[in-house]
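S.K.: Below are the chains, spelled out letter by letter.
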Amino acid sequence: GQQLNQSPQSMFIQEGEDVSMNCTSSSIFNTWLWYKQDPGEGPVLLIALYKAGELTSNGRLTAQFGITRKDSFLNISASIPSDVGIYFCAGSSGSARQLTFGSGTQLTVLP
Amino acid sequence: EADIYQTPRYLVIGTGKKITLECSQTMGHDKMYWYQQDPGMELHLIHYSYGVNSTEKGDLSSESTVSRIRTEHFPLTLESARPSHTSQYLCASSELGARGEAFFGQGTRLTVV
Chain P
1019 GQQLNQSPQS MFIQEGEDVS MNCTSSSIFN TWLWYKQDPG EGPVLLIALY KAGELTSNGR
1079 LTAQFGITRK DSFLNISASI PSDVGIYFCA GSSGSARQLT FGSGTQLTVL P
Chain V
5 EADIYQTPRY LVIGTGKKIT LECSQTMGHD KMYWYQQDPG MELHLIHYSY GVNSTEKGDL
65 SSESTVSRIR TEHFPLTLES ARPSHTSQYL CASSELGARG EAFFGQGTRL TVV
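Sequences listed follow chains P and V, in order.
Residue numbers for the first sequence follow the working numbering, so the first one is 1019 and each next one is one higher.
Residue numbers for the second sequence follow the working numbering, so the first one is 5 and each next one is one higher.
If we strip away everything but chain P, and leave its shape as in the complex, we get (with noise of 0.2 Å):
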């Protein structure tokens, strides 16, 4: 089945610092999604890409669908203490559209 490579796996910066995690895959996707999910609780979609070349932004987060389309990245601009949480990728392709989730990124920012 297809896969999703995320990095870093984890990252720990200081308060007001800048952030940047991607994902790349060896196949296509048509959209491509990031979630983050705090602890004991489900994924929240934060940004939806749908064309290659697409830069989307949401407050201080910034996502981009790769000109391949196999891959895509997220900044996060002077990052605060709830910023802290799991950053994870998807994509989907094809007909089905199911979604194919990244392994994650461990965010934690530290005052």
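Hints may contain errors.
Claimed, not checked - Stretches of chain P that chain V covers, calculated by requiring three or more beta carbons in the stretch to come under 8 Å of a beta carbon on chain V:
| # | segment |
| --- | --- |
| 1 | 1057-1070 |
| 2 | 1074-1086 |
To be verified - Quick partial rundown of chain V residues pointing at chain P, CB under 7 Å, derived from the structure:
| # | residue |
| --- | --- |
| 3 | Glu-46 |
| 4 | Leu-47 |
| 5 | Leu-94 |
| 6 | Arg-103 |
| 7 | Gln-110 |
What the hints assert, rightly or not - Every beta carbon over 10 Å from chain V, so not counted as near; a handful from chain P, in silico:
| # | residue |
| --- | --- |
| 8 | Glu-1035 |
| 9 | Thr-1042 |
| 10 | Ser-1045 |
| 11 | Phe-1091 |
Calculated from the structure, these hints are not laboratory results.
Predicted, not measured: the structure shown is a model, and the values here were computed from it.
Note that CB positions come from ideal geometry on N, CA and C, so glycine has one too.
Here the structure of chain P is known, so what remains is to put chain V in place on it, guided by the hints.
M.R.: Using the frame of chain P, we list chain V on its own:
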């Protein structure tokens, strides 16, 4: 904000018991999903449904079963729970024409002792 609810949030149960995890959504979504997730790990699709009376197995083999008798309800059942079933189970839903966007419930943390 997504309106999808899972009960119970936490369940500790003995080996061999039958359990049903409930999932309901009030958004009128046709597609519903069950994912299994170990702590801090990626999500694995175990079941999905395109609508009433439609159920399909996902990428990860699971001993659980699902049913879809009503649009808003997608329960997951384990006939005989085992310690290997200990995990978090996440329910999600999406519109039929959605380009992949799924909205998740809060999850059920299952522990089988």
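S.K.: Would you mind marking each hint as holding or not holding in the structure?
M.R.: Verification of the supplied hints:
Coverage of a stretch by a chain is defined here by at least three residues with a beta carbon nearer than 8 Å to that chain's beta carbons; for the segment 1057-1070 of chain P and chain V the count is 8, and the condition holds. Under the rule that three or more residues need a Cβ within less than 8 Å of chain V, the assignment of the segment 1074-1086 of chain P is violated, with 0 such residues. Hint on V:Glu-46 holds. Least Cβ distance to chain P is approximately 5 Å, under the 7 Å limit. For V:Leu-47, the suggested interface contact is upheld, since its CB lies about 4 Å from the closest CB of chain P, less than 7 Å.
Against a cut-off of 7 Å between C-beta atoms, the interface hint on V:Leu-94 holds, since the closest Cβ of chain P lies about 5 Å away. With a cut of 7 Å, the hint placing V:Arg-103 at the interface with chain P holds, because the nearest CB-to-CB distance is about 5 Å. The interface hint given for V:Gln-110 is met, as the beta carbon of that residue sits about 5 Å from the closest beta carbon of chain P, less than 7 Å. Remark: the non-interface label on P:Glu-1035 is consistent with the geometry, its nearest Cβ contact in chain V lying 22 Å away (cut-off 10 Å).
The Cβ of P:Thr-1042 lies farther than 10 Å from every Cβ of chain V, with a closest approach of about 15 Å, so its non-interface assignment holds. At the 10 Å boundary, the C-beta of P:Ser-1045 stays outside the reach of chain V, the nearest C-beta of that chain being 14 Å off. The beta carbon of P:Phe-1091 is kept farther than 10 Å from every beta carbon of chain V, the shortest such distance being approximately 18 Å.
Consistency with the previously given hints fails for number 2 only.
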